[in-house]
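Colleague: Can you make the complete structure from the sequences, with help from the hints?
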Amino acid sequence: MLANWCPQEKVLSHPSIGGFLTHCGWNSTLESIGSGVPMICWPFFAEQQTNCWFSCTKLGIGMEIDSDVKRDEVKILVNELMIEEKGKEMKKRALEMMKLAQDSAKNSEGSSYKNLEKLIHQVLLSTKLQIN
Numbered sequence: 001m002l003a004n005w006c007p008q009e010k011v012l013s014h015p016s017i018g019g020f021l022t023h024c025g026w027n028s029t030l031e032s033i034g035s036g037v038p039m040i041c042w043p044f045f046a047e048q049q050t051n052c053w054f055s056c057t058k059l060g061i062g063m064e065i066d067s068d069v070k071r072d073e074v075k076i077l078v079n080e081l082m083i084e085e086k087g088k089e090m091k092k093r094a095l096e097m098m099k100l101a102q103d104s105a106k107n108s109e110g111s112s113y114k115n116l117e118k119l120i121h122q123v124l125l126s127t128k129l130q131i132n
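For the sequence shown, position 6 matches number 6 in the numbering used here, and the numbering has no gaps at all.
In case anyone wonders, no lab produced these hints; they're calculated from the structure. Glycine residues also receive a C-beta, built at the ideal position from the N, C-alpha and C atoms. There could be a bad hint or two in this list.
What the hints assert, rightly or not - Below, computed lysine to any residue pairings styled on SDA-like, alpha-carbon distance capped at 25 Å: (1) K106 to E85; (2) K91 to I76; (3) K88 to S111; (4) K106 to K118.
Said to hold, decoys possible - Listed next, with one range per pair, are the computed distances between beta-carbon atoms: (5) L21 to S104: 22 to 28 Å; (6) G25 to V74: 14 to 20 Å; (7) E85 to Y113: 20 to 26 Å; (8) W26 to R93: 15 to 21 Å; (9) T57 to N79: 35 to 41 Å; (10) E80 to Q102: 24 to 30 Å; (11) F45 to G18: 26 to 32 Å; (12) H121 to S16: 41 to 47 Å; (13) D72 to S104: 35 to 41 Å.
Modeller: What follows is the structure, encoded as C-alpha cells:
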C-alpha cells in the first residue's frame with residue numbers, strides 16, 4: 001500500500017489477516033514473511049517473478065496467479081488459502097518462516113545478527129579505517 005495512514009507492515013501483522021494478494025516486490029515479500037502471512041502472488045516484472053517463484057516453490061508460502069487472471073480464479077485461490085488444507089499448511093509454513101526470520105535478526109547466533117555485528121566491527125569500530 002502507498003497510503004501513509006495505512007502502513008502495510010501494520011496491516012499484515014494484524015491477527016485478522018489470513019493472506020496477502022501481492023505483486024511480490026521485495027519489500028512486500030519480506031513484510032509478508034516477517035508477519036507470517038501466506039501470499040497469493042501476482043508478479044508483473046523485475047524481481048517480482050523471482051520472489052514469486054521462490055515464495056511458491058522453495059518456501060511453500062505462496063500461490064501464483066496468472067497475469068491475466070479473472071475474478072473467479074482469484075475467488076478460488078482465496079478460498080483455497082483461507083479454508084482448504086493447502087492454505088492451512090501455507091499459514092503454518094509462513095509462521096515457521098516468520099520465526100526463522102525473527103531468530104536470525106534477534107538471536108546472537110542468527111545470520112542477520114552476526115552479519116550486522118561484523119559490519120559494525122569492520123566499518124565503525126575499525127582503527128584501520130582509511131579514507132582516501
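Colleague: Give a verdict on every hint.
Modeller: Against the structure, the hints:
no.: 1; hint: K106 to E85; in the structure: violated (32 Å)
no.: 2; hint: K91 to I76; in the structure: holds (17 Å)
no.: 3; hint: K88 to S111; in the structure: violated (28 Å)
no.: 4; hint: K106 to K118; in the structure: holds (15 Å)
no.: 5; hint: L21 to S104: 22 to 28 Å; in the structure: holds (27 Å)
no.: 6; hint: G25 to V74: 14 to 20 Å; in the structure: holds (19 Å)
no.: 7; hint: E85 to Y113: 20 to 26 Å; in the structure: violated (35 Å)
no.: 8; hint: W26 to R93: 15 to 21 Å; in the structure: holds (20 Å)
no.: 9; hint: T57 to N79: 35 to 41 Å; in the structure: violated (22 Å)
no.: 10; hint: E80 to Q102: 24 to 30 Å; in the structure: holds (27 Å)
no.: 11; hint: F45 to G18: 26 to 32 Å; in the structure: holds (27 Å)
no.: 12; hint: H121 to S16: 41 to 47 Å; in the structure: holds (42 Å)
no.: 13; hint: D72 to S104: 35 to 41 Å; in the structure: holds (39 Å)
Comparing the model with each numbered hint stated earlier shows that hints 1, 3, 7, 9 do not hold.
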